[in-house]
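Peer 1: Sequence:
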Amino acid sequence: MTLAAPSEKLKVIRRDARRLLQQSTVPIRHMASFVGRAMALNPTILPARLHTHSLTTAINGALRHSSCMSHLN
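Residue numbers (full-length UniProt numbering): 1 to 73.
Note that these hints are calculated values from the structure, not bench results.
The reader is advised that the hints may include incorrect statements.
Unchecked claim - List of simulated lysine to any residue pairs, SDA-like, C-alpha gap at most 25 Å: (1) Lys9 <-> Arg19; (2) Lys9 <-> Ile28; (3) Lys11 <-> Met39; (4) Lys9 <-> Pro43; (5) Lys9 <-> Gln23; (6) Lys11 <-> Arg64.
As the list claims (entries may be wrong) - What follows is a set of in silico ranges between Cβ atoms, one per label pair, in the way DEER data are often shown: (7) Arg19 <-> Leu50: 19 to 27 Å; (8) Leu3 <-> Leu63: 30 to 38 Å; (9) Arg15 <-> Asn42: 18 to 26 Å; (10) Arg37 <-> Leu63: 17 to 25 Å; (11) His65 <-> Ala5: 29 to 37 Å.
Glycine is no exception: its CB is placed at the ideal position from the N, C-alpha and C atoms.
Produce the entire structure from the sequences given, and follow the hints as far as they go.
Peer 2: Structure, rendered in structure tokens:
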């Protein structure tokens, strides 16, 4: 059995990755959306989890930081 990702999904992920790389700051929601789309391809692209792990760690760190900052107000 062979699994393949639809070419349109791959194009969207590549386009979104380029857009994210061009921005100096990225909203957490946009990064989480990108990671979710990439993880949806996990069954077809084996190293997808390895490539998104550092992004997920960064998202979690940013969320922890923002929740700590909200307690200060």
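Peer 1: All hints are to be evaluated individually against the structure, with a verdict given for each.
Peer 2: The hints, checked one at a time:
1. Lys9 <-> Arg19: holds, 15 Å
2. Lys9 <-> Ile28: holds, 21 Å
3. Lys11 <-> Met39: Measuring from Cα to Cα gives roughly 15 Å; hence the hint holds.
4. Lys9 <-> Pro43: holds, 14 Å
5. Lys9 <-> Gln23: holds, 22 Å
6. Lys11 <-> Arg64: This hinted pair is violated, its Cα atoms lying about 32 Å apart.
7. Arg19 <-> Leu50: 19 to 27 Å: holds, 22 Å
8. Leu3 <-> Leu63: 30 to 38 Å: holds, 32 Å
9. Arg15 <-> Asn42: 18 to 26 Å: Once the Cβ atoms are compared, 19 Å apart, the range 18 to 26 Å for asparagine 42 and arginine 15 holds.
10. Arg37 <-> Leu63: 17 to 25 Å: holds, 19 Å
11. His65 <-> Ala5: 29 to 37 Å: Holds, at about 33 Å.
Going through the hint list in order, the structure does not satisfy hint 6, though it satisfies all others.
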